[in-house]
Each structure stands twice: as structure tokens, then as C-alpha cells.
Amino acid sequence: MTTRDQEMLVRARQVAQSVPDPELPMLTLADLGILRDVAVRDGSVVVSLTPTYSGCPAIAEIRADLASRLAAAGFADVDVRTVLTPAWTSDFISSAGRRKLAEAGIAPPRSQQGAKGGPVPLTLFAPGPPVACPACGSRETERTAAFGATACKDLYRCRACAEPFEHVKEI
Amino acid sequence: MGFDTAYEAISEETDTGHRWAFGTGFTDPLAGVDTAVPAGIDGGDLATYCLMLGDDALIMSHRLQQWLARAPELEEDTALANIALDLLGQARLLLARAGAADESGRTEDDYAFGRGEHEFRNVRLAEVTDADFAGLMARLLVFSTWRLALLTRLRSSADPVVAAVAAQGVKELTYHRDYAAQWVIRLGDGTDYSRERMRAALAATAPLVPELFERSAAEQRLAAAAVAVDPADLRAEFDGVLEHVLGEAELDWPQSPGLAGVSGPAGRDGVHTEGMRGLLAELQSVARALPGATW
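First to last, the protein sequences are chains Y and P.
Under the numbering used here, the first residue of the first sequence carries the number 1, and numbering increases by one thereafter.
Under the numbering used here, the first residue of the second sequence carries the number 1, and numbering increases by one thereafter.
In isolation and in its complexed conformation, chain P is listed as follows (with noise of 0.2 Å):
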């Protein structure tokens, strides 16, 4: 007996009724994978860490979905497609290994789901919506040159998993980058009107940074054991690199203190801007309104 394709593979009848390419049953992306916590390495502060990580990359991959058909062409839609998948992957793994490090059992789905705004912990550069396509532009160039120092130094954390994600993740990363560093200087070096909306796209952009290089109590603790970066180390490079692109699309990076947060916290610590709550309303309905459902 043989199949011609996957999909006619796994249309077969089943006892719990039709199987098709989005109910295979396999949904753990961690199967197999020992997700042991090192020795030495607090499971509380690791699941938190991914956590972390794990939600920069899924709201900023729902963002980017909301995108999807309202992109200037069709291949930026695709492209806009391809980086949203690339990061609710990397968000996934990080999602399940949170579940894993603190022994609490909790799946993906138990994370992206069932959490309320304040237990989400990304920075908030990933929710913000954009004015326009230079918007988003602007902010996916900080966030992936941002993401992807990031993830070429956790690519030797003592955490085999986080590094395994890193070490993924730094390939796709430089392909965003690129992507979004080319869109800068197209639209920064084209016509003034091109350049006035990417003018205003970095001043949007720019109070949303500092956020990114400050280190949590948990950061600093796992820094220290090798298993996270210090996020302060990574200024010197994402400087580096904007001033880069900037130099070539003829545009200034502004000038910009930091957006408040609410009496000091900010992402990390669950407190967000208010797009959050629309973000994940939108997120979180089908699983709110069909409790138990799987999909």
C-alpha cells in the first residue's frame, strides 16, 4: 500500500473520524527532544527566559499575519508570510520548552492561549501596530537586527534547547534582516514622499529601543550561568548595523528618549501599550470561545 502525496497519506478514515493536513495528531514540537533542565540551571528562570523570547516572536509574527493582503505587492505579502511563519516556529519551540523547564506541563497552546496580557513577556516593539508599510518596515529591521544578535550569542547557551532554537533561528533572522534592511534604503533613498514616511517610520520606531537593552532580574541570574545574554551586550552591534543601512538609505536615526513605561515597568514585566488587549482578543478567540478545542 502507497501513497501518492503526504496529504493523500493522511486523509485515511481513522476511529476519531476524517484526518486531514491540520488534525495529524503530532503536534508537539518538542517530541522526541530531551528536554532535561542542565544542572546548575534554574527551571523557573529558563521557563520565564523563554517565555521571553517565545513572545517577542509570536506577537510580533501575529503582527506581521495582520499584514498579510494589505502589502503594496504580492511578494511582499509572501515575504511578510514567510518571516510571520519563521517566527510563530521559533515561538512554538520556546513555548513548550517553557512548559518543559518548569515542570509545570503546560503546552504552546496553554501559553499562547491562556494567558492573560499581563503574564505575556515581550518587549513592546513586537505589539505595536504600524502607521504604514514603512512602519512596519522600520520596526522589522530593529526587531530582527535586534533578535538576530541575540540569537547568534544564544546559539552557546547551556541550555541545549535554547541554543538548538538559536542556532535555527540566526539563518532565518539574517534573512529578515536583509529583507527589511533593503525596504529602509529603498524607501529612505527614493522619492521625498518615500522618504518622509520612512523619516517618520523611525521617528515611531525610536522611543521603543532602549526597552530592548535593559536586563531583567532573571536575564542578569541566567546571564550569569551562561544560558542568557546580557541584553546591554548586544547595543554595540545593533548600532553597528543600523548605522549601516541607515548610512546607505541617507537617513538619520533620531533622536529619541525612551517610551515610558507605567511607573517603570514595561514588557518584560507584563505591562503593555494598548494594542496589547486587541492583539490578543483577536489571538486568543477561537480558543476562548471553543474551550478544549484542537485544531
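The shape of chain Y in the complex, shown without the other chains (with noise of 0.2 Å):
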């Protein structure tokens, strides 16, 4: 690699990593884990992304959010890439992003166990450790709805402050 290259993979890296993630912004796409590498080749930046839903409907606008900063950074030539493997787990957001979650009022997620390979156990009642309340931080909280306005957020509310809140699930 040229010093060139390096001294433009650098710049193209802080760029992306900073670009905000659309549906939760006070997040970036390196706090949210779906950065997997910038890469510069012959002169192009090759961005990697891991979207964390199938059917995730903002893959499309970070796609064009990443070109169009990079693009205003300089690079005009930008190739974002998908990348499905490995698939994206909550496990991906990283301690900064779960701050930022929690100050913004969102529950971060609870990390995995990690079970990996044969079938999925079903879970009628009570799923996993109880969730922090990001207001007050009781643990006296409880789930009312499975799912919540975007694919990765589910809805609690807390029996302590009475506060509702959102928290983004665990996958």
C-alpha cells in the first residue's frame, strides 16, 4: 500500500465511522457494529457493511448516507459491499454505544449466552435477566409489547418510575 493509500484509508475510516445510523442517530455505524472494514483499492474506497435485520429498511439509506459523506470528503469513487457473514448480533454494539443508548433513554441490549447450533428453545414467559430501567435504573421493569416502532427495538415500561421505555433486543 502506497502512502497515499494509507493516508486516504484513514481519513475514508474516520468518515465512516462517523456517519450516524438513521434510525437510532445517536449512534454511529461503528457504535452499532455493522462497520465490518474500510478498505481503499486502486484508488476506490470499499466500505463493508453487515445489515442487523434481513428486512432492516434503512441498509438502503446508510448505503447512501456513506456515499454521499465520503463523497464530500473527496472520494468520488465509493463501492459499499454487504457483508451476511458472520450475521449481526446486538453482541456487535459496542460499550460506547451502550452508553449512548442508555443516556438517550433506550435500554441497551442484555449481552448473549452465546448458545450457538442445534434447535431454539422457546421462551413463553419472562425471557432472560430482567432489563435496567434508563431512567431510574430499577430492575422492577416488564416488557409490554415484543415489538416497537423499528425491527430492533421492543417496548417496557418500569413498575418503579412508571417511565415507558424502548429497548433494543437481543439477536
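Read the hints as simulated data drawn from the structure, not as lab findings.
We put the CB at the ideal spot given by N, CA and C, even for glycine.
Any given hint could turn out to be false.
Said to hold, decoys possible - What follows is a set of in silico ranges between Cβ atoms, one per label pair, in the way DEER data are often shown:
hint	chain 1	residue 1	chain 2	residue 2	range
1	P	A281	Y	A149	29 to 35 Å
2	P	E214	Y	S94	43 to 49 Å
3	Y	M26	P	G43	43 to 49 Å
4	P	R70	Y	E163	28 to 34 Å
5	Y	R11	P	R235	52 to 58 Å
6	P	H244	Y	Q112	18 to 24 Å
7	Y	A72	P	A31	18 to 24 Å
8	Y	P121	P	F213	17 to 23 Å
As the list claims (entries may be wrong) - Which bits of chain Y does chain P cover? Going by a derived footprint, with three or more residues having C-beta under 8 Å, they are:
hint	stretch
9	40-54
10	75-87
11	117-124
12	141-153
Please dock the two separately framed chains into a single complex, following the hints provided.
Pasting the structure below:
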């Protein structure tokens, strides 16, 4: 890699990493863990992305946003590629991302136990350890809806402070 | 030059006019993914298999979308929209994979909007209409339990694209199945009236179940090449989950013979029920009225 490529890579990575997610704008793509790689090949920038959910409608906007911001930073030739493996998991959200979610009043996902391989057990009642309320910190919370305003969130309420809040689902 | 939101970033004037959220020009869900068919796998069979799995998701998603604004509570509308969206995403990837596997170059839109009824490979369970919300929940429980068992196994498919779609789909279907199971229990173990409605829903769904475990010729060949799963292998897991849920709901699985095919063939052969024609007429209306339109 030439020195010029090296400089391009550092700048391109800075730009790509700082692009906000359209659905969770308090997070950058790097915080969300969907930015898998930024590379420079023959003077063009190659960005690799992994969608959070199969049907995530934000992915088209994210791709357009990346191309647009990189173009504004002087990179005319941008190739945004999809990487499907390994599939995104909520464990990819960085610790900075988890802190930013909580500060914005959204409970971050609990870490996964990493059960892989065999049949998926049915979860009928009270899945997982309690989710802490992002407003008051109480663990006396309950889920009010399994699906929320975006694919990645569900809805909770706190029994201690009575505040309703969103929570990023564990997948 | 910076943007406060992604929408602002993509709302700039371009040579082709004003772009907005659904006209970003990035349409291929497999952009940048290696879609070469691995050695030893028949591309035609793989394409057929991807259409089966993709059509199941596309058609079920469309039926779910028809429920929007009709569910008993806003939370259920939101849930149905999310489930439909997950399945639509799986369908897009699988239909795009089919076009790459058979080297026809057909896009997801070509498959979704350009095929006739007899070319759709979905099981009939996906296409039928529901008498009521209980009917939808019974059908969703059966569909998601079956598909979750299938995708769980396909995570180790010899086709890396199918394996990747399955790995993500498993996480999504886990939520769909839990959601449907909780409603089946709530209605089955609820009032006499709700219980009767759920009992009728199970009776309406049961004849569509045997077809889920029948194996097509393409599946048989692909199962031998470790690309596909023999659907008969899913039966034990399916029965175990249904038994668990219906036990909690205090309901019995109705004894029912399978819905007869037309002279034997069924959904996987492109032979569908009466409702499929109306579903496709709606699904394809814009694409057929405005050929070549993009969105």
C-alpha cells in the first residue's frame, strides 16, 4: 500500500465510522457494529456493511449516506458492499454505543449467552434477566410489546418510576 | 460538508432528479456478496430451492401486510408489520440468490412481480386467508415453527448464501414463533369464546400441515449435497414445539387429513389455492400497470 493510500484509508475510515445510524441517530455505524471494514483499493474506497435484520429498511439509506459523506470528503469512487457472514448480533454494539443508548433513554441489549447450533428453545414467559430502566435504574421492569417502532427494538415500562421506554432486542 | 440526518444526506438534487428515502439507487440486497455457486452444486436446483424458501417468505409477508390496521390492538399491528418486514427481507435475499444461482440474471423484482401463479413455489400454508386474528396466530405459529426448524438446520448449508440467510433468519423467527405461541396460549386458555375461535383456527390450519413435510425432487438432490434439508426431518421438532404450546393452551391438535392437491401436485409444484390469484393481483398490480418503473 502506498503512503497516499494509507492516508486515504485513515481519512475514509474516520468519515465512515462517524456516519450516524438513521434509526438510532445517537449511534454511529461503528457503535452499532454494522461497519465491518473500510479498505482502499486502486484509489477507490470499499466499505463493508452487515445489516442488523434481513429486512432492515435503513440499510439503503445507510449506503446512500456513506456514499454521500465520503463524496463530500473528496472520495469520488465509493463501493459499499454487503457482508452477510457472520450475521449481526446485538453483542456487536460497542460499550460506547451501549452508554449512548442508555443516555438517550433506550435500554441497551443484554449480552447473549452464546447458545449456538442446536434447536432454538421456545421462550414463552419472562425471557432472560430483567432489563434495567434507563431513567431510574430499577430492575422492576416489564415488557409491554415484543415489537416496537423499528425492527431492533421492543417496548418496556418501569414499575418503579412508571416510565415507558424502548429496549434494543437481543438477537 | 456534513449532514445532520441520513435523510438530509440523500435528499440532495442529482442529475436524475430529487432522490429520497425509497429512491436511493441501492437496490441489490446481495451487492458485494460472492454469489458463485460452489463446485458440485447444481445451480438450477439451488435456484429452485431459493425460490421455494423465498416465495414462502414473500407470500406469508404479503398476507401479514394485509392485516395491518386490522389487528385488535396497535401493539399487534406493530408486531405484524415487523414480522412481515423480516420475512420480506429474507425473501429479497433468497430471490436475488435464485437469479444469481441459475445465471439468468433475474432480479428479486423480476421474480416477485413478473411471474405467473403457476411459477410460485410457496407452500399453500403461506397463501391462505385467515378467518380472524386467531386464524392468523394459528397459521403464524405453524409457519414460524416449521421455518425456524428448517433455517436452524440450513445454517450449515453447503451454499454459503443460504447458510448466511438462515443464520440471520433464525434470530428473527425465534421472535415470531414466541409471539404467535403466546397468542395461541392466551386465546386457547382464555374465555370459552376465545377458546372456540382458536379451536376453529387450528382446525382450519391442520389440513395445510402435511404438505410442509413433503419432499420435492430438487430438495432430495440438494439434501444429498448438504445444501438443503429433507423436510421430513423437521417433523419431530415441529411436533414437539406444537405439543408444548398446545399443552399450555389446553388445546388438542385436530386430527385431519392433508388438503388434497389438484391431481397430487401442490404449492411446491406451482399449484395453488383459489386465494393465490387475488394475492398476486394485488402484489403485482403496480409493477404490471407501470412496466419498468423503479422505486
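Now the hints, each set against the structure:
no.: 1; hint: A281/P to A149/Y: 29 to 35 Å; result: holds (31 Å)
no.: 2; hint: E214/P to S94/Y: 43 to 49 Å; result: holds (46 Å)
no.: 3; hint: M26/Y to G43/P: 43 to 49 Å; result: holds (44 Å)
no.: 4; hint: R70/P to E163/Y: 28 to 34 Å; result: holds (31 Å)
no.: 5; hint: R11/Y to R235/P: 52 to 58 Å; result: holds (56 Å)
no.: 6; hint: H244/P to Q112/Y: 18 to 24 Å; result: holds (23 Å)
no.: 7; hint: A72/Y to A31/P: 18 to 24 Å; result: holds (21 Å)
no.: 8; hint: P121/Y to F213/P: 17 to 23 Å; result: holds (22 Å)
no.: 9; hint: 40-54; result: holds (count 4)
no.: 10; hint: 75-87; result: holds (count 9)
no.: 11; hint: 117-124; result: holds (count 6)
no.: 12; hint: 141-153; result: holds (count 7)
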